[in-house]
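Work out the full structure, taking the sequences as your base and the hints as a guide.
Respectively, the protein sequence lines represent chains A and B. Heads up, the first sequence is in our numbering, so the first residue is 1 and it goes up one at a time. Heads up, the second sequence is in our numbering, so the first residue is 115 and it goes up one at a time.
Just so you know, the hints here were simulated from the structure itself, not pulled from any lab data. It is possible that some hints are incorrect.
Calculated cross-link-like contacts (lysine-lysine; reagent style DSSO-like; alpha-carbon spacing at most 30 angstroms) [stated by the list, open to error]:
#1 A:K70 - A:K56
#2 A:K67 - A:K36
#3 B:K128 - B:K169
#4 B:K128 - B:K155
#5 B:K178 - B:K128
#6 B:K155 - A:K70
#7 B:K155 - B:K180
#8 A:K68 - A:K36
#9 B:K178 - B:K155
#10 B:K155 - A:K56
#11 B:K134 - A:K36
#12 A:K67 - B:K155
#13 A:K36 - A:K70
#14 B:K134 - B:K155
#15 B:K155 - A:K36
Some chain B residues well away from chain A (every beta-carbon gap over 12 angstroms; in silico) [to be verified]:
#16 I126
#17 T131
#18 E136
#19 G167
#20 D179
#21 N184
#22 H199
#23 L230
Where is the CB? At the ideal position from N, CA and C, for every residue including glycine.
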Amino acid sequence: GEDVEQSLFLSVREGDSSVINCTYTDSSSTYLYWYKQEPGAGLQLLTYIFSNMDMKQDQRLTVLLNKKDKHLSLRIADTQTGDSAIYFCAETSDRGSTLGRLYFGRGTQLTVWP
Amino acid sequence: GAVVSQHPSWVICKSGTSVKIECRSLDFQATTMFWYRQFPKQSLMLMATSNEGSKATYEQGVEKDKFLINHASLTLSTLTVTSAHPEDSSFYICSALAAGTYNEQFFGPGTRLTVL
Numbered sequence: 001g002e003d004v005e006q007s008l009f010l011s012v013r014e015g016d017s018s019v020i021n022c023t024y025t026d027s028s029s030t031y032l033y034w035y036k037q038e039p040g041a042g043l044q045l046l047t048y049i050f051s052n053m054d055m056k057q058d059q060r061l062t063v064l065l066n067k068k069d070k071h072l073s074l075r076i077a078d079t080q081t082g083d084s085a086i087y088f089c090a091e092t093s094d095r096g097s098t099l100g101r102l103y104f105g106r107g108t109q110l111t112v113w114p
Numbered sequence: 115g116a117v118v119s120q121h122p123s124w125v126i127c128k129s130g131t132s133v134k135i136e137c138r139s140l141d142f143q144a145t146t147m148f149w150y151r152q153f154p155k156q157s158l159m160l161m162a163t164s165n166e167g168s169k170a171t172y173e174q175g176v177e178k179d180k181f182l183i184n185h186a187s188l189t190l191s192t193l194t195v196t197s198a199h200p201e202d203s204s205f206y207i208c209s210a211l212a213a214g215t216y217n218e219q220f221f222g223p224g225t226r227l228t229v230l
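If you want it as structure tokens, here you go:
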């Protein structure tokens with residue numbers, strides 16, 4: 001089945017940049033997503049990128065996609081303590097009978113130190 | 115923006131009882147809703163896909179008779195955990211696909227179930 005991998009932990013100092021990495025195996029991925037989950041809460045969509053794009057920037061967030069290597073990254077500039085959360089990488093494809101089904105990584109716990 | 119609500123946000127029940135969790139799309143129609151289960155510090159595990167007006171599609175290893183899903187309208191799906199046991203304690207999250215799209219999926223805030 002589809003496999004999405006992420007490192008589990010990342011710690012940074014406030015004001016530094018954070019880079020969270022993700023790899024996936026599905027070559028037919030169409031959209032790739034980054035979600036943020038704060039303790040006890042549901043998932044908040046941060047950004048997504050279509051598979052034919054290399055980069056997408058949205059304020060402090062930059063998404064880079066290397067489709068050849070099936071590697072996705074999320075860079076958070078000027079990381080703040082409020083950015084501390086779990087970040088999930090997810091992908092979806094046209095393959096399969098369930099349109100819109102997401103495949104999630106295990107999540108990266110980002111801790112921001114003041 | 116699109117909002118998905120879940121009710122209740124948390125529930126504590128005795129072993130052997132049944133618990134119903136509601137997932138509602140508040141300002142859009144959702145032909146498809148997904149139910150996930152999340153254990154502490156784990157990723158989301160897809161349990162089933164709920165399509166309005168038809169039977170839910172369950173993932174392998176998920177007991178359909180234990181986790182009853184009903185998607186009676188374009189704005190409401192329910193998950194009923196029947197004869198709950200302590201091992202069913204978990205965080206249950208639903209998401210909804212906006213009708214007419216396949217990439218806009220909106221998540222509910224989750225329901226924390228604790229079975230004593």
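Going through the hints against the structure:
{"no.": "1", "hint": "A:K70 - A:K56", "verdict": "16 angstroms, holds"}
{"no.": "2", "hint": "A:K67 - A:K36", "verdict": "23 angstroms, holds"}
{"no.": "3", "hint": "B:K128 - B:K169", "verdict": "28 angstroms, holds"}
{"no.": "4", "hint": "B:K128 - B:K155", "verdict": "25 angstroms, holds"}
{"no.": "5", "hint": "B:K178 - B:K128", "verdict": "21 angstroms, holds"}
{"no.": "6", "hint": "B:K155 - A:K70", "verdict": "25 angstroms, holds"}
{"no.": "7", "hint": "B:K155 - B:K180", "verdict": "24 angstroms, holds"}
{"no.": "8", "hint": "A:K68 - A:K36", "verdict": "26 angstroms, holds"}
{"no.": "9", "hint": "B:K178 - B:K155", "verdict": "25 angstroms, holds"}
{"no.": "10", "hint": "B:K155 - A:K56", "verdict": "28 angstroms, holds"}
{"no.": "11", "hint": "B:K134 - A:K36", "verdict": "26 angstroms, holds"}
{"no.": "12", "hint": "A:K67 - B:K155", "verdict": "28 angstroms, holds"}
{"no.": "13", "hint": "A:K36 - A:K70", "verdict": "21 angstroms, holds"}
{"no.": "14", "hint": "B:K134 - B:K155", "verdict": "24 angstroms, holds"}
{"no.": "15", "hint": "B:K155 - A:K36", "verdict": "13 angstroms, holds"}
{"no.": "16", "hint": "I126", "verdict": "15 angstroms, holds"}
{"no.": "17", "hint": "T131", "verdict": "23 angstroms, holds"}
{"no.": "18", "hint": "E136", "verdict": "14 angstroms, holds"}
{"no.": "19", "hint": "G167", "verdict": "16 angstroms, holds"}
{"no.": "20", "hint": "D179", "verdict": "21 angstroms, holds"}
{"no.": "21", "hint": "N184", "verdict": "18 angstroms, holds"}
{"no.": "22", "hint": "H199", "verdict": "23 angstroms, holds"}
{"no.": "23", "hint": "L230", "verdict": "19 angstroms, holds"}
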